[in-house]
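Residue 64 in UniProt numbering sits at position 64 of the sequence shown, and the numbers go up by one each step.
Every clue listed holds true.
Simulated restraints, written as ranges between beta carbons of each label pair:
#, residue 1, residue 2, range
1, D132, A25, 20 to 30 Å
2, R81, V142, 41 to 51 Å
3, A119, R43, 39 to 49 Å
4, A18, R81, 21 to 31 Å
5, H34, V136, 42 to 52 Å
None of these hints come from the bench; they were simulated from the model. Where is the CB? At the ideal position from N, CA and C, for every residue including glycine.
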Amino acid sequence: MSDSTGLVQIIEAALLAAGKPLTVAQLGALFEEHERPANEDIRAALAEVGERCEGRGFELVDVASGFRLQVREQLSPWVSRLWQERPQKYSRALLETLALVAYRQPITRGEIEEIRGVAVSTNIIRTLHERDWIRVVGHRDVPGRPAMYATTRDFLDYFNLKSLDQLPALADIRDLETLNAELGFSEPLPEAANGESSQENESSREDEPHSEDAVTAGESSESMDEIAVDSEDSQEPADADGQEQATHGQG
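The whole structure should be built from the sequences, with the hints applied where relevant.
Here's what the structure looks like:
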């Protein structure tokens, strides 16, 4: 590394160019072995990059997949206009399903339906899979061996979380609006019109074609409305994208 080229500038440039999270190891791999800085030096440089972002339109965030430079959330309404397509909006049914997976994982589709009181559309599960927000981590050892779902590292990255421990405490959540605010979303979800049932609303919304998100890295301009999971006896969230759940002995 040239004496005239500072480590902080190299780290900052790499994060800007990558457009995705980079780990300390990935940043270290940018250097030849004889000039590679220690991990402690890289972390110190990252801290300085973060300080330099103060008062600017972007910030350094530490998410599950590493460190990422992204536009600040409050600027999303203006920055998102750079894209012609409107960001995809998700139905309340999809977001309730996602929240149940996040808080109750590993959980089966049948267990989600039992809690919500309505059938879960196949399109909801497919959409969550396509977004890489959920994955199958095993099968419940009961007749039919239903798949068990858990959240992924991409889920954490998308919602600016380093681990599931950063999810709002379930005991503190009383409605979907609360979770919406905790996760930094600003737009409320549309309600079902003319008294249509939640099951009908779920199916009709999720049958709509998907569009790419017109958002900056790490931000979501769709509103992840909160989840009215009104039970406080949920399981502790498991590590996202972590250990495979046992396929036996779970009821």
